[in-house]
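Visitor: Each chain, written out:
Protein chains: 2
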Amino acid sequence: MEPGRTWFTNENCSVARTLEVIGERWTLLVLREAFLGVRRFEELHRNTGAARNILAARLRKLVERGILERRPYEEHPPRFEYRLTGRGLDLYPILVSLVRWGDKYVADPSGPPIVLEHKACGHDILPQLVCSECGGEIAARDVIAKPGPGALRKPA
Amino acid sequence: MEPGRTWFTNENCSVARTLEVIGERWTLLVLREAFLGVRRFEELHRNTGAARNILAARLRKLVERGILERRPYEEHPPRFEYRLTGRGLDLYPILVSLVRWGDKYVADPSGPPIVLEHKACGHDILPQLVCSECGGEIAARDVIAKPGPGALRKPA
Numbered sequence: 106m107e108p109g110r111t112w113f114t115n116e117n118c119s120v121a122r123t124l125e126v127i128g129e130r131w132t133l134l135v136l137r138e139a140f141l142g143v144r145r146f147e148e149l150h151r152n153t154g155a156a157r158n159i160l161a162a163r164l165r166k167l168v169e170r171g172i173l174e175r176r177p178y179e180e181h182p183p184r185f186e187y188r189l190t191g192r193g194l195d196l197y198p199i200l201v202s203l204v205r206w207g208d209k210y211v212a213d214p215s216g217p218p219i220v221l222e223h224k225a226c227g228h229d230i231l232p233q234l235v236c237s238e239c240g241g242e243i244a245a246r247d248v249i250a251k252p253g254p255g256a257l258r259k260p261a
Numbered sequence: 106m107e108p109g110r111t112w113f114t115n116e117n118c119s120v121a122r123t124l125e126v127i128g129e130r131w132t133l134l135v136l137r138e139a140f141l142g143v144r145r146f147e148e149l150h151r152n153t154g155a156a157r158n159i160l161a162a163r164l165r166k167l168v169e170r171g172i173l174e175r176r177p178y179e180e181h182p183p184r185f186e187y188r189l190t191g192r193g194l195d196l197y198p199i200l201v202s203l204v205r206w207g208d209k210y211v212a213d214p215s216g217p218p219i220v221l222e223h224k225a226c227g228h229d230i231l232p233q234l235v236c237s238e239c240g241g242e243i244a245a246r247d248v249i250a251k252p253g254p255g256a257l258r259k260p261a
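Residue numbers (my numbering), protein chains in the order written: chain A, 106 to 261; chain B, 106 to 261.
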C-alpha cells in the first residue's frame, strides 16, 4: 500500500457503506434470525433479546433499506411478518463468514452451536471462499487489491 | 425454525460472539486498512478518519484479542506497527463479503472503488462462497442449519 492513498476513502468504501446498512449488533442478530426462518416480531424479540422499541426501530430501518419486506399474514387483527428480500438474502455470505470465524475462535470447547447441511449434496459443510475464475481457495494473502472503476482520483 | 428454539441463544451464538470482537465501525475500518497492508498509527489515523484516542483504544483491544500484533519497527525513538495475526488474517472472508455486498448494492454508479486480483491465476475476481464437500455455490436457501455439538439443551 503506497502512503498517501487517494483512490478510496471511507466515502466510497464498500465496507463502510455496508456497515452503515447492517453494522449494528441488534441488526445483525435480527438478520441471523431471519436467515434461520424467523419472521414474526414476538419470536424475533424472544430470540434476539432486543428490547421491543429497539427491535421495532431496527426492523423499520431494515425495511426502509430494502433488506426486509413487511407482509401482512393476518387481517383481523392486522399482523405482519418480516421476510428477507433478494438484497437481504445476498447478505448471507457475511453472516456465514461471521459464524465460521466465531465457530473457530470463540465457540465453547464443546463445538459450534449450529452446523450447516448443504441440501444439494447432503453433507455437513464449512462454506469456503474461492476464486470465481480458477476455483482456488482465497485467503488474505492470495489477492491484490487494485483501484477499481469507482476509485477516487483525488482525496475527498 | 420451530418456535421455542432452545439450542442456541445469543449466549452461545458465533455471530454474537464475533460481533463482540470486531462489530464496531472503527474496528472494521482498521481491519480494512490492515488487510490493505497499512500498519502504522499515522497512516491508520489518516485513512480511517478515526480520532487518535478512538484509534488507540481500538488498536489496544485488537491486540488484546489476538487479532493484531504490536511490533517494534524503530528503537530510537521506540515506534510500533500493527500486523494481523493468524486469527486476524482469518477474518478476511468477513471483510471480503462486506465488500462484495457493498459493491453490488451501495457502490457509486461508476463501480466499485477496489477490484481484487487473484495472484495465483492473475484474473480480476469476485470471491464466491462454495460448499467444502461438493464445491457447489452456496446461497441462503441452499443450506439447512441444524443443532451442532455446542447446542444448548435448555434455554439459558
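Keep in mind that the hints are not guaranteed to be accurate.
Repeated chains share a single entry, so a pair holds when one copy, or any two copies, can fit it.
Here are the simulated lysine to aspartate or glutamate pairs, EDC-like style, with alpha carbons at most 20 Å apart [claimed, not checked]:
| no. | residue 1 | residue 2 |
| --- | --- | --- |
| 1 | K251 | E238 |
| 2 | K224 | D247 |
| 3 | K209 | E186 |
| 4 | K251 | E125 |
| 5 | K166 | E222 |
| 6 | K209 | E169 |
| 7 | K251 | E180 |
| 8 | K166 | E129 |
| 9 | K166 | D247 |
| 10 | K224 | E147 |
| 11 | K209 | E180 |
| 12 | K209 | E125 |
| 13 | K224 | D195 |
| 14 | K209 | E179 |
| 15 | K166 | D229 |
| 16 | K166 | E179 |
| 17 | K166 | E180 |
| 18 | K251 | E179 |
| 19 | K209 | E116 |
| 20 | K209 | D229 |
| 21 | K224 | E174 |
| 22 | K251 | E129 |
| 23 | K209 | E147 |
No lab work stands behind these hints, which were simulated from the structure alone. Just so you know, these numbers come straight off a predicted model, no measurement behind them.
Visitor: Now tell me, hint by hint, if it's right for this structure.
Guide: Tested hints:
Taking the shortest alpha-carbon separations for K251 and E238, only the intra-copy value of 17 Å comes in at or below 20 Å, while the best inter-copy value is 32 Å. Taking the shortest Cα distances, K224 and D247 sit within 20 Å of each other only across copies (6 Å), while inside one copy they are farther apart (30 Å). Within a single copy, K209 and E186 get their C-alpha atoms no closer than 33 Å, and across copies no closer than 26 Å, so neither meets the 20 Å cut-off. For the identical chains of this complex, K251 and E125 are neighbours neither inside a copy (23 Å) nor across copies (30 Å), given an alpha-carbon limit of 20 Å.
In the homo-oligomer, the alpha carbons of K166 and E222 never lie at most 20 Å apart, since the shortest distance is 31 Å inside one protomer and 35 Å across protomers. Proximity of K209 to E169 under the C-alpha cut-off of 20 Å is restricted to the inter-copy arrangement: shortest distance 18 Å between copies versus 34 Å within a copy. For the homomeric pair K251 and E180, neither the shortest alpha-carbon distance inside one copy (53 Å) nor that between copies (33 Å) is at most 20 Å. Taking identical chains as interchangeable, the C-alpha atoms of K166 and E129 lie at most 20 Å apart whether they share a chain (12 Å) or sit on different chains (18 Å).
Within a single copy, K166 and D247 get their C-alpha atoms no closer than 36 Å, and across copies no closer than 27 Å, so neither meets the 20 Å cut-off. In this assembly of identical chains, the alpha carbons of K224 and E147 never lie at most 20 Å apart, being 29 Å within a copy and 48 Å across copies at closest. For the homomeric pair K209 and E180, neither the shortest alpha-carbon distance inside one copy (45 Å) nor that between copies (36 Å) is at most 20 Å. Taking identical chains as interchangeable, the C-alpha atoms of K209 and E125 lie at most 20 Å apart only when they sit on different chains, with a minimum of 15 Å there against 27 Å within one chain.
In this assembly of identical chains, K224 and D195 lie within 20 Å of each other by CA distance solely inside one copy; the values are 18 Å within and 26 Å between copies. Taking the shortest alpha-carbon separations for K209 and E179, neither the intra-copy value of 42 Å nor the inter-copy value of 34 Å comes in at or below 20 Å. Taking the closest pair of Cα atoms, K166 and D229 never come within 20 Å of each other, the shortest separation being 34 Å inside a single copy and 34 Å across copies. In this homomeric assembly, K166 and E179 never come within 20 Å of each other (Cα to Cα): the closest approach is 22 Å inside a single copy and 47 Å across copies.
Taking the shortest Cα distances, K166 and E180 never come within 20 Å of each other, neither inside one copy (24 Å) nor across copies (50 Å). Taking the closest pair of Cα atoms, K251 and E179 never come within 20 Å of each other, the shortest separation being 51 Å inside a single copy and 29 Å across copies. When the C-alpha separation of K209 and E116 is checked against a cutoff of 20 Å, the pair qualifies only between copies, where the shortest distance is 16 Å, while the shortest distance within a copy is 32 Å. Taking CA atoms no more than 20 Å apart as the test, K209 paired with D229 passes inside one copy only; the shortest distance there is 16 Å, against 29 Å between copies.
Taking the closest pair of Cα atoms, K224 and E174 never come within 20 Å of each other, the shortest separation being 25 Å inside a single copy and 40 Å across copies. For the homomeric pair K251 and E129, neither the shortest alpha-carbon distance inside one copy (28 Å) nor that between copies (25 Å) is at most 20 Å. For the identical chains of this complex, K209 and E147 are neighbours neither inside a copy (31 Å) nor across copies (32 Å), given an alpha-carbon limit of 20 Å.
Comparing the model with each earlier hint shows violations of hints 3, 4, 5, 7, 9, 10, 11, 14, 15, 16, 17, 18, 21, 22, 23; every other hint is respected.
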